[in-house]
Amino acid sequence: MCGIVGLFLKDKALEPRLGALLSDMLITMTDRGPDSAGIAIYGPSEAGAGKITVQSADPAADFKGLKAALAKRLGVAVSVTVRATHAVIAVDVAKLDETRTALKELRPGVTVMGSGESVEIYKEVGLPKDVAERFKIGAMGGTHGIGHTRMATESAVTTFGAHPFSTGPDQCLVHNGSLSNHNNLRRELVRNGLRFETENDTEVAAAYLSHKLATGSNLGAALESGLSDLDGFYTFVVGTKSGFGVLRDPIACKPAVMAETDEYVAFGSEYRALVNLPGIETARVWEPEPATVYFWEH
Amino acid sequence: MPTFDLASVPLRDLNQALHAVGAGANETGFEVINPRGAHAVAVGIDAPVRVDVRGSVGYYCAGMNAEATVTVHGSVGPGVAENMMSGTVVVKGDASQYAGATGHGGLLVIEGNASSRCGISMKGIDIVVKGNIGHMSAFMAQAGNLVVLGDSGDALGDSLYEAKLFVRGEVKSLGADCVKKKMRPKHLALLADLLAKAGITDVKPEEFTRYGSARTLYNFNIDNVDAY
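Residue numbers (my numbering), protein chains in the order written: chain A, 75 to 372; chain B, 1029 to 1256.
Some clues are possibly wrong.
What the hints assert, rightly or not - Computed list of lysine-lysine pairs in DSS-like fashion (alpha-carbon distance at most 30 Å, straight line):
1) K146(A) - K178(A)
2) K1158(B) - K328(A)
3) K1158(B) - K1232(B)
4) K328(A) - K1120(B)
5) K286(A) - K169(A)
6) K286(A) - K328(A)
7) K1209(B) - K328(A)
8) K1158(B) - K1209(B)
Said to hold, decoys possible - Here chain B is said to cover these stretches of chain A; the calculated rule only asks that three of the stretch's residues, wherever they fall, bring their Cβ under 8 Å from a Cβ of chain B:
9) 212-224
10) 327-336
11) 340-346
Quick caveat, the hints were computed from the structure, so don't treat them as lab data.
Where a beta carbon is used, it is the ideal one built from N, C-alpha and C, also for glycine.
Use the sequences and the hints to build the structure in full.
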């Protein structure tokens, strides 16, 4: 099963409510997968500012003194906002790679969940309600976001097996389904220089799209090429800094329903996920076609 | 007429009330409000009741229906009227995957579009779709009639047995062993009857093309034709 949701706002007035709307959508999908839950949220970005979301199994020890240690190592101002097991490190966007290298040395127990100018990623084992509460997702604003509640099939139930997966700057992907050619594709992507954190099939799909985006494709073209290169069952919802995409495999047995109004584009595994959205009664509601790329850009 | 507000009443109360309707009951009209995408609304009815669902529902609405008339004033999720035995199910909006799957009898009318696998493995149900249907519809369909006023997606009628398929619009592709067939007077009469039952008056049977099994994939014996 698995439940996935996505919300892409067109109306700025809704931006302060993004986290509340998205976590409500995800909680509605709890019974599609109770193993773990995650949300990627694209918040406001400032020119030149970058951020890295990190996770630690021992946040008290790992996040203590992290700000000072990083500032000293990088020679620039850094801020660290701790949210339970995660922390968001804000730093000059030009220093993102350097910060990741420094993190490996300074805090080897810390894992990077995602980085970029806009995205923050929170995921943990547990129910969507508990995960949303732990990270206070409901209080977050932003322009778009995606969420996932997992019923594990292809890899272990751990924080790192939870979705969304992020394999490139401001990119993330959630998946309902299972891929059958992920081992081979992973080997090919490794030869192209991509690195993997897990044995998970979805991480391969994310890395595949990151590779396509890094080699000149836009999101629509990357998804289009995925139709011939990814084998298996999938409904994907994908986020980039300014974009939001949906793709279903040609068999399309994994459910999907979308709604669009002048205020937003929304995705849910089921219609139930959409019923609390403002104006849903008059929204255009449809089932996305199989093997058809949908994407929206701000 | 009893009204069940699913925003405040558990789904099980509704379905148990519907199952409790006995022969000769006075209460035969039910209304369901605020379904909000709920699954399994009005499943397993076995009495000639009328149920009006005001809003959109999730999986398996009116599954296993016998005798009842269920009208959904909204759209339905996957598996509407799955394994229906008799009665009528009307969807005013769109239907998701496998509408009317494995249905044995009765009439399913979808006033909008149906997505993939509409009528998969149908066993005697009649399905009338006013809009389009998705890919792999009527896959392994054994008996009954599928009428589509719009277009069909890929692989219509793949591995078809003896169900009859009538499509008014374009068929993107036919599945294995499904072929275009000649429309005979008895088929036109059948189609006229199905359209009338579905309340469709502005479309003529002559506008449709009939599709059926080429009978090369299964062991068809003409002596057994009455069994379908």
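Comparing the hints with the structure gives:
1. K146(A) - K178(A): Holds, because 15 Å separates the two Cα atoms, which is no more than 30 Å.
2. K1158(B) - K328(A): 25 Å, holds
3. K1158(B) - K1232(B): 13 Å, holds
4. K328(A) - K1120(B): Status holds; Cα separation ~24 Å.
5. K286(A) - K169(A): Given pair K286(A), K169(A) holds - Cα atoms ~24 Å apart, limit 30 Å.
6. K286(A) - K328(A): Between K286(A) and K328(A) the Cα gap is close to 24 Å, so the pair holds against 30 Å.
7. K1209(B) - K328(A): At roughly 33 Å apart (the allowed maximum being 30 Å), K328(A) and K1209(B) break the hint.
8. K1158(B) - K1209(B): 21 Å, holds
9. 212-224: Result for this restraint: violated, n = 0.
10. 327-336: With 3 residues close enough to chain B, the hint holds.
11. 340-346: Coverage by chain B holds here, the residue count being 3 at a Cβ distance below 8 Å.
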